[in-house]
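Asks: Under my numbering, think of the first position of the sequence shown as 12, with each following residue one higher.
You can take every hint at face value.
Here are the simulated lysine to aspartate or glutamate pairs, EDC-like style, with alpha carbons at most 20 Å apart: (1) 79 - 49; (2) 79 - 41; (3) 79 - 24.
To be clear, the hints were calculated from the coordinates, so they are not data collected in a lab.
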Amino acid sequence: MTLAILVEPTPLEVDANGVVRVGETRVTLDTVVTAFLEGATAEEIGEQYTSLQLSDIYSVLGYYLRHKAEVDAYLLERQRQAAMIRQEAEQRFNPVGIRERLLARRSQHG
Numbered sequence: 012m013t014l015a016i017l018v019e020p021t022p023l024e025v026d027a028n029g030v031v032r033v034g035e036t037r038v039t040l041d042t043v044v045t046a047f048l049e050g051a052t053a054e055e056i057g058e059q060y061t062s063l064q065l066s067d068i069y070s071v072l073g074y075y076l077r078h079k080a081e082v083d084a085y086l087l088e089r090q091r092q093a094a095m096i097r098q099e100a101e102q103r104f105n106p107v108g109i110r111e112r113l114l115a116r117r118s119q120h121g
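With these hints in hand, go ahead and build the complete structure from the sequences.
Replies: Okay, structure coming up:
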């Protein structure tokens with residue numbers, strides 16, 4: 012018997028916003044790689060994100076290990092964008108005292 016060695020595409024998709032997701036799920040490449048870098052195994056990632064197939068997780072981790080520099084650059088850019096968005100939101104909606112304002116609003120309507 013001969014084993015057929017096939018090249019299978021990595022299950023990564025870029026959505027309309029430029030975010031890389033695993034397969035047809037909402038789970039991002041960022042999520043899987045960050046969990047891996049924090050010490051989670053592929054099996055643990057699969058337990059946490061049940062919409063992912065274990066084989067897809069291994070494939071994505073393999074892709075990360077083969078393309079570490081590019082993926083790290085992508086992740087750094089995503090972190091930069093998130094920080095910018097957070098800063099803009101904080102400028103528009105001052106987070107100082109938010110808990111007190113929400114509790115006060117709750118007691119007025121309760």
